[in-house]
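Number of protein chains: 2
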Amino acid sequence: MSTKRAIGLDVGGTKIAGGVVDADGTLSTEIVEPTPEDSDAEAVSAVLLDIVGRLREKHPDVSAIGVGAAGIVQWPEGRMLWAPNNAYRDWPVREQLEAATGLPAVIDNDANVAVLAEARLGPRPYRELVLVTVGTGIGGGLVLDGRIYRGPTGRGAELGHIVLNPDGPVCGCGNHGCFEAYASGTALTRMGREAADDDPRGLIARLGAEQGEVTGRTVTAAATQGDAVARDLFGRLGRWLGVGIASLANIFELEAVVVGGGLVSTGDLLLEPARRAAREFAYATQVREPVPIRPAVFGGDAGMIGAALLALEDARPSVG
Amino acid sequence: MSTKRAIGLDVGGTKIAGGVVDADGTLSTEIVEPTPEDSDAEAVSAVLLDIVGRLREKHPDVSAIGVGAAGIVQWPEGRMLWAPNNAYRDWPVREQLEAATGLPAVIDNDANVAVLAEARLGPRPYRELVLVTVGTGIGGGLVLDGRIYRGPTGRGAELGHIVLNPDGPVCGCGNHGCFEAYASGTALTRMGREAADDDPRGLIARLGAEQGEVTGRTVTAAATQGDAVARDLFGRLGRWLGVGIASLANIFELEAVVVGGGLVSTGDLLLEPARRAAREFAYATQVREPVPIRPAVFGGDAGMIGAALLALEDARPSVG
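Protein chains in written order, with full-length UniProt numbering: chain A, 1 to 320; chain B, 1 to 320.
Extracted from the complex, chain A is given alone in its bound form (with noise of 0.2 Å):
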């Protein structure tokens, strides 16, 4: 119990990064490496036990690891089950850890690591609160009378692909008209190349011809210069968000629904029309009010945040 600071390890698609984390969620070191191409199990296992080891040489006081990562993670027992970006399936990773560190472990799902650091370090201690990370797809953590909800086995939460429109466009996952076939980066990027084959003299075309393609980041630089049209893909993009909000609400009692991951660096852009729509499918507002929907407190660190934050509250000495 006198645990009092941790590892943090974010595992993504292209990085992995470790930060050494006290209870009240100052980082005080990071280490950033890429993603092996290879990343494999064995791969990413060296990377892990390569930062854990430079960090506790820095940090030899930490009591506990935490690990946060992209894919579904079997719980508690800390197996890596799939990952959408990387190669590794069905890995131990929990077991390998403690076994190579003799500290004890827990592995989690990115985005529910980084829903525990905005509940427990926001601008006030939530009980019921959904984060929703809009990146290149969507991530979804969700705390439920103060607890992380991941199902009995870690298989839940994945809230990026409940289903806005069964006729929609194809997702990453192969289903139609997911969350996230609608309201993530991947989404921006294909309603910005249907505005540039649409207008290939406006804006988006024209950066995207500078910039070599049309991506989300090319919608987003065209918004902020004031191009009506890609104001009006943000528009759309924040009204699917407020949607998916809105029907996430619908099924929690939340006190807010916090909005994460890269797109929210668009601040107002995205958020207020996701506000609008959030308001409009808001069911019973008679007696329930919408959801207040916040910008994420924690960018990029959420996930070593986080991550620390579950092993100090959760990492138990491994038996033998």
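Treat the hints with care, since some could be wrong.
Claimed, not checked - Listed next, the stretches of chain B that the computed footprint assigns to chain A, with coverage defined by at least 3 CB atoms under 8 Å from CB atoms of chain A:
(1) 4-18
(2) 35-47
(3) 111-124
(4) 284-293
Said to hold, decoys possible - Chain A side only, calculated, beta carbon under 8 Å to chain B, not exhaustive:
(5) Trp82
(6) Asn85
(7) Pro152
(8) His161
(9) Val287
(10) Arg288
(11) Pro317
Source of the hints: derived by calculation from the structure; they are not laboratory data. Here a beta-carbon is modelled for each residue, glycine too, at the ideal position from N, C-alpha and C.
Position chain B relative to chain A; hints supplied.
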């Protein structure tokens, strides 16, 4: 702790039913009264107290009262905040019942208590279960980790109002494209009327003319007689049901989804297309089994039995 039998009351838009229920779900006496035309708190209270009085005359040993009611109920206070089809608003049901009867009482949403009955007394005990009731509307109840999920104050679990298409048909709640707008008896009526308009010589139109109007029952009758158009409408209704179920199953990690309500009596006509769609829209099936969809064990008695079970589990003698 020696509570063994409770009164279960089910308050709906058209009838109020009460019975005495054992811990194993056995319903020993049942009284049904019509919901008063003027369905305000006073009139409905009088009916509830009359039923309770008559049941206690026969079963003086009952130790608690449970009420399941359509609408949003504040928990644990037991205030009926709002109901779609009744006139009462902000009605302190629990307080009134306890004062008038001297028995501890619990009040909850009707689908919440029905899912408890299915979770406790279904083919096996379930710890993670969704109940979807397909009747005039869509009701939903949720058991997580063995307990009813209703949010901290009872305003959660409005599963009928997740959004399946924001540009879809108007729902009874005023929003567009809710689960309820697509997969309820009301949706079947709407589709049946469209089909009758499209083909005035078709079976749906002819049966509707005999019955005075086309309703969901007309479509059911036509489908039962093998009418291809009516069967196709059931295919569409069931598909929407499966899409909504898949969406919920991507959020939770469920052992099963149980379908109840009047329309489940149509069996595989409704459930087979639902199962197909739920498999089609299931996320990450490499590591997550598509959720099994089963008909509810309890029919019209689910509300009474579940309300009584909740009373046996949760009702505590009130203080003062």
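These are the hints, each one checked on the structure:
no.	hint	in the structure
1	4-18	violated (count 0)
2	35-47	violated (count 0)
3	111-124	violated (count 0)
4	284-293	holds (count 4)
5	Trp82	5 Å, holds
6	Asn85	13 Å, violated
7	Pro152	6 Å, holds
8	His161	4 Å, holds
9	Val287	4 Å, holds
10	Arg288	5 Å, holds
11	Pro317	25 Å, violated
Hint compliance for this structure: hints 1, 2, 3, 6 and 11 are broken, all remaining hints hold.
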